[in-house]
Amino acid sequence: EHPKMSASQVKGVSTGTTILAVRFRGGVVIGSDSRASIGGEYVSSRVINKLVQVHDRIFCCMAGSLADAQAVTKMAKFQLSFLSIQMESPPLVKAAASVLKELCYRNKDELQAGFITAGWDKKKGPQVYTVSLGGMLVSQPFTIAGSGSTFIYGYVDAKYKPDMSREECMQFATNALALAMGRDNVSGGVIHLVVITEDKAEHVIVPGNKLPKFHDE
Amino acid sequence: MALSNVLELPASGFNFENSARNAVLEDVLGDGKTKTPKPMKTGTTIAGVVYKDGVVLGADTRATSSEVVADKMCAKIHYIAPNIYCCGAGTAADTEKTTDLLSSNLTIFSMNSSRNPRVIMAVSILQDMLFRYHGQIGAFLILGGVDFTGSHLYSVGPYGSVNEVPYLAMGSGDHAAMGILEDGFKPRLELDEAKTLVCSAIHAGIMSDLGSGSNVDLCVITRQGVDYIRPYQESEFKDQRQGRYKYKPGTTPILRENVEPVEVEVMQETVQKMDTA
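Line by line, the protein sequences are chains Z and R.
Residues 1 to 217 in the working numbering are what the first sequence spells out, letter by letter.
Residues 1 to 277 in the working numbering are what the second sequence spells out, letter by letter.
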């Protein structure tokens, strides 16, 4: 029985969080909130960046214990840069997701961290993978994770369309994150988005006062 | 990896020998009546701010052992490198030793590579070490420094989590200090504004937290050098001692004086040459 990914069960700083990644026509959008909390009671940082660049066109977002997630992504970054030198080409997104999966699966008793990996590679184009707490690796057109994701399953299931344009996709991601941040106490702050395409990886920040507002605000 | 270490790193995994030893000792001594002594904690307020030309770090100077003040003038801002200093909260011994170890390793690195260490290197080493010990080392650190990439301020938690921020407070008085920092911080502060801000933040911690007190120490780090001001602001509640506790010469009358020279004869002399080749 693996522990739930809930803030109160993680020791130290936890990213009780909302993270997601969505594939669109020509790229992916990966996004997260920016809150880090201790024990679900105190916000230790309201501007933390949970989106980590593990290679030129591959990003990960972290959920769970911040210390564990940072240690795993550091190791993954190193392994991928080594791999890209060995193979003389940028790593595949699936390779990046696999590296994280191996680390999470082999050390599942000690670690409490989950990830979403998204990026672009030459072989399969834009892809989204999710690596759960215990080390399960699944590829999906879009995925949501973290404690705040439970509040938006209905929204994303209803609103997702395959083959969206870049603007539609960014709006979809922004809305989903804003809705989750509005309902989950351990998600909040600003929205970090990274749009990854063949040409570049662009970091967009949506500050708190520019978040989309819904009927009750 | 070309990193020389002063002490040997353990082979792999965590080293919990001492925890096991403590558990055994508690069982053996006194059948549950004896408890291992509580470590001295620095119930503390520490803060840091990045300003226009560098970083200002601040700390209070009280070290407590449960409800007694063990040290009224304890130094919580530790030297790491000529351009990097670290404030420590949590278990006093852990912060001391961790920062000492880090400082020694970075000095060896500097000598090997003829370079001043970067702040991110200090942070990475700390993160690796604290993560390996799974939170058993109770060190809550604020690392600040200036290198050629700019001025940086990092928080490092006992589990190995790292966060780079423009302003920060940690320790038991962090809530009070954070309130002052959130209100007063602006990007690109001037030196005097930054010093006043950090001092007010620590002062708020001293006033509102029982574990923090006494004086405020400041450390200003810039490209040009370091200004370690200890104390920057003295406690306004420090009293003057009313009585004199020193005795004047002649207080005790001398009744009789007897001087006996002791003859010393050289029996044997050995000279050992030191090989400085």
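Just so you know, the hints here were simulated from the structure itself, not pulled from any lab data.
Treat the hints with care, as some may be off.
[As the list claims (entries may be wrong)] Here are some chain Z residues the structure puts well away from chain R; computed CB gaps all over 10 Å:
hint : residue
1    : K11
2    : K74
3    : L137
4    : R166
5    : T197
[Stated by the list, open to error] Below, simulated EDC-like cross-link-like pairs (lysine to aspartate or glutamate); rule was C-alpha separation at most 16 Å, straight line:
hint : chain 1 : residue 1 : chain 2 : residue 2
6    : Z       : K74       : R       : D239
7    : R       : K72       : R       : D239
8    : Z       : K123      : Z       : E41
9    : Z       : K77       : R       : D128
10   : Z       : K77       : Z       : E41
11   : Z       : K124      : Z       : D157
Just so we're clear, the structure is a prediction, and the values are computed from it rather than from any experiment.
Beta carbons are placed, not taken as given, at the ideal position from N, Cα and C, and that holds for glycine.
Against the structure, the hints come out as follows:
| no. | hint | result |
| --- | --- | --- |
| 1 | K11 | violated (6 Å) |
| 2 | K74 | violated (8 Å) |
| 3 | L137 | holds (23 Å) |
| 4 | R166 | holds (29 Å) |
| 5 | T197 | holds (27 Å) |
| 6 | K74(Z) to D239(R) | violated (52 Å) |
| 7 | K72(R) to D239(R) | holds (13 Å) |
| 8 | K123(Z) to E41(Z) | violated (45 Å) |
| 9 | K77(Z) to D128(R) | holds (15 Å) |
| 10 | K77(Z) to E41(Z) | violated (32 Å) |
| 11 | K124(Z) to D157(Z) | violated (24 Å) |
Hints 1, 2, 6, 8, 10, 11 from the earlier list are contradicted by this structure; the remaining hints agree with it.
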